Amino acid sequence: MTLELATTAGRIAEPASHENSPLCVRGLTVTYGQKPAVFSVDMTIEPGKMTAVIGPNGAGKSTTLKAALGIIKPVSGQIQVFGKPIDEQRGRIAYVPQRASVDWDFPTRVIDVVMMGLYRELGLLGRLRNRHKARALDCLSRVGMRDFADRQIGQLSGGQQQRVFLARALAQDADLYLLDEPFAGVDAATEKAIISVLKALREAGKTVVVVHHDLATVTEYFDNVFLINTRKVAEGPVETAFTADTLQAAYGGRLATAQVEQLSRAVG
Amino acid sequence: MSGEEFVPLSLTPMLIGVFAAIACALPGNFLLLRRQALIGDAISHVVLPGIVVAFLLTGAIAAWPMMLGAAGAAIVAVVLIEAIRRLGRIEPGAAMGVVFTTMFAGGVLLLEQTDTSTVHLDVEHALYGNLESLIWLDATGWSSLLYVQALMHLPVELPRIFLTLIGVSIFIGLFWRALKISTFDEGFARTQGIPVNALGMALVITAAIAAVAAFDAVGSIIVIAMFICPPAAARMMSNRLEGQVAWSVFFATLSAVLGYVLAGYGPLWLGAYDAVSAAGMIATVSGLILAVAAKFGPCRSRTGAPQAA
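Top to bottom, those sequences are chains P and V. Here the first sequence stands for residues 374 to 641, where the numbers follow the numbering used here. Here the second sequence stands for residues 865 to 1173, where the numbers follow the numbering used here.
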């Protein structure tokens, strides 16, 4: 009895220790219609690390991210960003949506998209000055897209579009970067460019969270993983949380035995 | 044509046509990019029950109650459309189709079941408008523009549509950046703290107000055409939103002026005697401009169409 009380006390005290977590989610449940997409998920992102959010298709990876950002309304759950409600911290978060979520025929140039990242700073009517443009161009340079500044966004390849989205996030100059499948359908050069930018962000003390699909690159790219299949499966450093067991738990029968064996070898 | 003839007979209808065209084309740019351009069509149908109800309540065919009734019905409709779109998670076109056919049918039933059918609620007038009748009889020439006495007798539609245009322009100008971001990337807009739902609703309500004001002055054909044709043609002229909106204003103006002149004089030039409907001609011209832009505009290719995923 005493032991149990102690445990409970410990659990109550726990959230306090996560006060400085860039993103702390408690009891998040999201439903589409009647079907829960995410069920009672807790997530604590470690500051200054790169975390991969992993799980099978339809496991609620993007949904968790979107709900954490307030893009979709959860049924229940608490979200804290750097220890405060998200509405007070919007300026510290940069978000890169899935590339396919927007219409790339939209009449706008690359540089205009990047400058959308300055909205928090400019507000509704603030004047766009030369220094803003210079900053946007600098962000484009960091992703190797400076020469494309005046192109219409529909004229870019998928990988280039993804890099423009990343440049927009850089323009936000945030502390927490959330990216939804940034490596989906991009060329190898873009993948390299993106990962080096993300690593540079980590070196600068920023926190990066990536919804990721490619299990083969997890150990190479990321410090931490968050495995989800509607419910949380595992969370923590790659070495302990990204194992054959947790993968089996997250993917169930959906991962071919050969794949599991291959991955087990990859993760050791 | 001399000022004595032009100012009283053609200046005011032309200006009303231009203002109405621009007031519809401006929000039309955003509606088009949001795949909601059919809202003009929807609004032109849903105003019918609004007009009938206004008549039933007041018992008179007067401009203001009818406009208020129409505006009320339009706003009810856009709120319903947004609600159905969001709750039902269906595309905007389907939500509009459901709402406007139902409300229009309701209007027809109301019209039939009450004694309004004996009253002359002129459907034809509502459809084509009566641009040519909005003349300024007190004017004697260009100098009339300086006489307060004459200006007091301008057709009431002119200041009404002008004020609507100012209101629409202020809304678009004030929320330009937020409208642009939320139209392009709704998810990102939400993370920036932009009230996406409220802004989307404000946009369609603005469009509804513009539609009703224009509808009253020039009829629904122009409204439907101007929400779509000038912005669609403009999109093929520019790859920037700023450019698109500027071109759409130009095309709206061109359609109104050219359409009005062609309606008045075109048949005469062709040897016929009667003028044709200005509203019909303006809408036709806007459609022809769209066809030309679709064939020759510099920014026609759809390279960025989202891939099937």
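Keep in mind that a hint or two might mislead.
[Unchecked claim] Here are the simulated EDC-like cross-link-like pairs (lysine to aspartate or glutamate), alpha carbons at most 20 Å apart as the crow flies: (1) P:K506 - P:D523; (2) P:K446 - V:E946; (3) P:K446 - V:E1050; (4) V:K1159 - P:E593; (5) P:K572 - P:D596; (6) P:K572 - P:D523.
I should point out that these hints are in silico values taken from the structure, not numbers from a laboratory. From a predicted model like this one, the values you see are computed outputs, not experimental measurements.
Going straight from one Cα to the other, do K446 (chain P) and E946 (chain V) come out at no more than 20 Å? holds (17 Å)
Mind checking the alpha carbons of K572 (chain P) and D523 (chain P) for me, to see if they're no more than 20 Å apart? violated (27 Å)
Can you confirm whether the C-alpha distance between K506 (chain P) and D523 (chain P) stays at or below 20 Å? holds (12 Å)
Would you mind confirming whether the straight-line C-alpha gap from K572 (chain P) to D596 (chain P) stays at or under 20 Å? holds (11 Å)
Keeping to a limit of 20 Å between CA atoms, is the pair of K1159 (chain V) and E593 (chain P) held or broken? violated (51 Å)
Satisfaction of hint between E1050 (chain V) and K446 (chain P), Cα-Cα up to 20 Å: holds (14 Å)
Hint violations for this structure: numbers 4, 6, all remaining hints satisfied.
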